[in-house]
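Participant: All chains, please: the whole structure from these sequences, using the hints.
Same order as they appear, the protein sequences are chains A and B. Each residue of the first sequence is one higher than the one before, starting from 1 at the first, in UniProt numbering. Each residue of the second sequence is one higher than the one before, starting from 1 at the first, in UniProt numbering.
By construction, these hints were calculated from the structure, which means they are not laboratory data. Glycine included, each C-beta is placed from N, C-alpha and C at the ideal position. Hints should not be assumed to be uniformly reliable.
Subject to a maximum C-alpha distance of 30 Å in a straight line, what follows is the list of computed DSS-like cross-link-like pairs (lysine-lysine) [what the hints assert, rightly or not]: (1) B:K34 - A:K144; (2) A:K12 - B:K70; (3) A:K137 - B:K34; (4) A:K57 - B:K65; (5) B:K65 - A:K12; (6) A:K12 - B:K25; (7) B:K66 - A:K53; (8) A:K82 - B:K196; (9) A:K25 - B:K66; (10) A:K57 - B:K70; (11) B:K34 - A:K25; (12) B:K25 - A:K90; (13) B:K34 - A:K12; (14) A:K127 - B:K66; (15) A:K90 - B:K66; (16) B:K34 - A:K90; (17) A:K53 - B:K65; (18) A:K101 - B:K95; (19) A:K90 - B:K70; (20) A:K53 - B:K70; (21) B:K196 - A:K70; (22) B:K95 - A:K12; (23) A:K144 - B:K25; (24) A:K12 - B:K196; (25) B:K66 - A:K57; (26) A:K25 - B:K70; (27) B:K34 - A:K127; (28) B:K196 - A:K75; (29) A:K144 - B:K95.
Some chain B residues close to chain A (C-beta under 8 Å, calculated; not the full set) [claimed, not checked]: (30) Y166; (31) I180; (32) V192; (33) K196.
Covered stretches of chain A (chain B as the covering partner; in silico rule of three or more C-beta atoms under 8 Å from a C-beta of chain B) [as the list claims (entries may be wrong)]: (34) 45 to 52; (35) 139 to 146; (36) 154 to 161.
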Amino acid sequence: MDPAEVEFLAEKELVTIVPNFAQDKIFLIGGDIGPLNPGLPVQIPLWMAVNLKQRHKCRVVPPDWMDVEKLEDKKQEETDSKFFTPMPSKYYMEVTQILLKCATADIPRADDVRTLIKDIWDLRIAKLRSSIDTFIKSDATHAKLNHLTLMEINTVRSFLTLSLDQMHILRTNLTGGIKPTQD
Amino acid sequence: MSSDTDEMGGDTEEEVMTAAEVLEKLEEAWLNEKFSPDLLETKTDLVECMLEQITAMEENIQRAKKGDFKISIHRMEIDRIRYVLSSYLRIRLKKIEDFTAYILHQESQRKEEDSPLLSPEEYKFAKEYQTSVEGHFNSLALRHMPANSQTLDHKLTVIQPNLDNYIFLRVNEDTQGILIEEETLDTGEEIVDLEKGDQHIMRYRPLAPHVASSAVSLI
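Facilitator: Next comes the structure, spelled out in structure tokens:
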């Protein structure tokens with residue numbers, strides 16, 4: 001899967017914006033967007049928020065979790081825990097990247113947020129790598145990966161699935177048999 | 001510019017779904033199809049419903065006055081939905097092209113009451129593709145072979161999807177007792193319980209019926 005496709009899925013997340021213009025209800029196929037009034041916060045999908053922001057029609061309200069203290073706590077939690085901790089948003093990486101790119105001015109202490117999210121990402125990816133190492137060495141055939149976000153899974157997807165496929169082929173060949181597959 | 005598309009009479013046997021629910025189901029079907037090695041059941045009702053929605057929305061846009069802000073928003077949404085639809089259909093077509101003989105064989109063995117694997121158009125495409133490829137092999141090579149090797153034996157040449165591919169999945173409903181047979185002689189069989197909300201990685205083969213029933217979805 002392309003990282004762009006993961007971002008495509010992440011763009012469906014709702015974010016809060018404060019529009020500077022008025023608009024009555026929009027009936028999208030995927031749901032209604034409530035009437036927009038200048039100065040009143042409203043929740044809209046991320047893809048729409050980015051478009052409005054680029055046209056200078058709104059101000060983005062950063063999500064609750066995108067706050068330096070909260071992120072520092074999360075980073076500490078992630079460092080202390082041996083397993084993966086639940087993330088505030090299923091798409092924390094993509095949402096942060098998109099918002100920091102188009103709405104830097106609306107996010108307080110944007111650089112610190114950027115650094116913290118990157119640190120959390122690096123911690124989790126390092127944990128993922130070492131747990132994959134253990135997993136493959138232990139010759140297990142399935143694993144549970146709760147609290148992993150799609151973007152993280154996607155970084156290892158092709159490598160992990162193809163290697164496990166090969167290991168499976170090697171294992172089954174110990175007992176003989178030819179498979180009529182193209183791979 | 002209002003749209004009366006919030007209540008859709010879908011042609012599913014169960015309840016009437018709103019357009020938003022159809023969209024969500026379509027996206028789920030798209031991801032499942034993307035990650036499964038096998039061709040899944042056709043979801044013609046979802047595809048047709050979305051196509052109708054998009055056409056209706058485009059007509060609405062045409063009728064609305066120019067420069068209206070809502071037009072660009074609707075157009076963006078239509079582009080997004082169109083991307084999912086095209087990607088979904090393209091993935092299915094690629095699988096049909098890769099595994100034509102196998103899929104047609106499965107379809108001919110299907111019982112009446114099971115859901116079809118291919119939509120009518122896809123079935124036609126599969127049959128025509130098979131004829132073209134065989135004709136091509138014939139005219140290119142088989143004609144020139146010695147007389148007793150001039151036919152293709154389907155049982156020997158059929159290419160099957162590798163159902164033992166590993167896939168990532170998320171559990172939608174608690175499922176007990178998935179039997180995972182182990183491949184070597186020393187590890188025995190293993191029974192795995194899946195709890196709602198968990199994410200796992202395992203082989204596709206034991207989970208194939210659960211993907212079809214939406215008990216798990218592929219991520």
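Participant: Checking one constraint from the list: CA of A:K137 to CA of B:K34, max 30 Å. Satisfied?
Facilitator: holds, 29 Å
Participant: Hey, B:K34 versus A:K144, does the alpha-carbon distance stay inside 30 Å?
Facilitator: Judged against 30 Å, a Cα distance of about 21 Å means the pair holds.
Participant: If you draw a straight line from the CA of A:K25 to the CA of B:K70, is it 30 Å or shorter?
Facilitator: OK: A:K25 and B:K70 at ~10 Å, within 30 Å.
Participant: Count residues of the segment 45 to 52 of chain A with a Cβ under 8 Å from any Cβ of chain B, then say if the count reaches three.
Facilitator: That given contact holds, which follows from 3 residues of the segment 45 to 52 of chain A lying within Cβ reach (below 8 Å) of chain B.
Participant: Would the pair B:K66 and A:K53 pass a check requiring their Cα atoms to be no farther apart than 30 Å?
Facilitator: With Cα atoms ~21 Å apart, B:K66 and A:K53 stay inside 30 Å; holds.
Participant: Is the Cα-Cα distance between A:K12 and B:K196 30 Å or less?
Facilitator: At roughly 22 Å apart (the allowed maximum being 30 Å), B:K196 and A:K12 satisfy the hint.
Participant: Sort out whether B:K66 lies within 30 Å of A:K25, counting only the CA atoms.
Facilitator: This hinted pair holds, its Cα atoms lying about 18 Å apart.
Participant: Taking 8 Å as the limit, does the beta-carbon of B:I180 come near enough to a beta-carbon in chain A?
Facilitator: Interface hint status for B:I180: holds (7 Å vs cutoff 8 Å).
Participant: Holds or violated: are the alpha carbons of A:K90 and B:K66 at most 30 Å from each other?
Facilitator: violated, 38 Å
Participant: Three residues minimum, CB to CB under 8 Å: does the segment 154 to 161 of chain A make the cut for coverage by chain B? Let me know.
Facilitator: holds (count 3)
Participant: Taken at face value, is the distance from the CA of B:K25 to the CA of A:K12 at most 30 Å?
Facilitator: holds, 14 Å
Participant: CA of A:K90 to CA of B:K70, is that 30 Å or under?
Facilitator: holds, 29 Å
Hint violations for this structure: numbers 11, 14, 15, 18, 33, all remaining hints satisfied.
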